[in-house]
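Numbered by mature numbering (1 follows the signal peptide of the UniProt record, and there is no 0), the letters in the sequence shown go through residues -17 to -1, 1 to 297 in order.
The reader is advised that the hints may include incorrect statements.
Cβ pair distances, simulated, as ranges [claimed, not checked]: (1) K208 <-> D117: 24 to 32 Å; (2) E274 <-> A109: 19 to 27 Å; (3) K161 <-> K190: 38 to 46 Å; (4) Q151 <-> K214: 16 to 24 Å; (5) K38 <-> E252: 30 to 38 Å; (6) E199 <-> K38: 42 to 50 Å; (7) N112 <-> E199: 39 to 47 Å; (8) E192 <-> R135: 47 to 55 Å; (9) N254 <-> R24: 14 to 22 Å.
Hints are computed from structural coordinates only; laboratory data are not their basis. Every residue, glycine too, gets a C-beta built ideally from N, C-alpha and C.
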Amino acid sequence: MEMFMLLLVSYLSSVHSGKINECNMKNITMHVVTWNVNGERPTCLLKLLGQFQEKDEDEPDMVIVGLQEVTKSIDTALKDYFLGNRWEASIGDILESNDYVKVETASLFGMFLNVYVKIQHSWSVADVNIRHIDTEYFRYYDNKGGVIMKFRLYGRLFCLVHAHLHGQNKTARIEDYKEIEQIRTVFCENPSDYVFFLGDLNFHIRKVENLKTPEEIHALIKDEKYDELLKEDELLYYKNANKIFRNYTEQPIKFPPTYKFLLKRNKSEYNLKRRPAWTDRILYKTESEREITPISYNSMEDHRKSDHYPVEAI
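Between the sequences and the hints, there should be enough to build the whole structure, so can you do that?
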């Protein structure tokens, strides 16, 4: 599933004698997207990358793309690592032709994180660094973990976490998150101005009375009773209990679960061999009291190549 978020972030936009001028402020738009592509090939990426605007000035200043399961084969993953992959090449072709410059790419097995900025901002990018995290589950099964990228834009520190967490074991999922977050805190320095945590986080709907089967969950989805389901969403449940994602914000979810779908190109239909869930998420925070203004948070239901949907936040 894919999800993306476009946020307005306050940043410094001018310099004086080589130093950032604190008096001149403006807004920078960000387009953040996460999608588990289930090993599919890239097609129709313009909307996914926020490049569907009529005017060039409406395109985001920064594009952050986090993809999981770009490949499911260790052999192909190794080949992609050394030679590049179709997704990275396709994304680069589109964005670079639209006057974007790559900040960096961070990859780990079948997942990668790509960050681009408009060419007029590229001169201000500095101190780019990457950290790979192979969690305990990754070390045994080779397909879960995370990458962290940090960089400065106009002197402000951005810290981006892209993760693919344990799918079947809730305890392992939470422990993976805690391990990644602990490493992020040290690696990105504290405070970071802007922190984004995105990916296939694999949090499910809790098995409580009347929500024990996929069919029971699906019945509420058909009636668009998302609030009833979200009361038992694992991520929100444990976040509200202050066990995970402390001080992070996620915008209210107003869209149906983004996993798991049958692979049918002409319609969306849940695969009820699995429990539908909001597995793909984007959360954010500031540790320095900077301003982050979200505009919207939605799934992209017209992207049907994968068994996940994308989600957008603007």
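Next on the checklist: A range of 24 to 32 Å was offered for this pair. Does it hold for the Cβ distance of K208 and D117?
Outcome noted: 39 Å, violated
Checklist entry - CB of Q151 to CB of K214, is that within 16 to 24 Å? => result Holds, since Q151 and K214 (Cβ atoms, about 23 Å apart) stay within the stated range.
Checklist entry - Taking the beta carbons of K38 and E252, is their distance inside 30 to 38 Å? => result 36 Å, holds
Checklist entry - How does the Cβ-Cβ distance of E192 and R135 compare with 47 to 55 Å: does it lie in that range? => result 50 Å, holds
Checklist entry - Taking the beta carbons of N112 and E199, is their distance inside 39 to 47 Å? => result Taking Cβ atoms as reference, N112 and E199 lie about 46 Å apart, which means the hint holds.
Item to check | N254 versus R24 beta-carbon gap, inside 14 to 22 Å or not | outcome: Given a distance of about 21 Å, which is inside 14 to 22 Å, the answer is holds.
Checklist entry - Honestly, do E199 and K38 meet the 42 to 50 Å range at C-beta? => result At roughly 46 Å between Cβ atoms, K38 and E199 fall inside 42 to 50 Å, so the hint holds.
Checklist entry - Does the Cβ-Cβ separation between K161 and K190 fall within 38 to 46 Å? => result 22 Å, violated
Checklist entry - Between E274 and A109, does the beta-carbon spacing fit 19 to 27 Å? => result Check passed, 22 Å falls within 19 to 27 Å.
Hints 1 and 3 from the list above are not met by this structure, while the remaining hints are.
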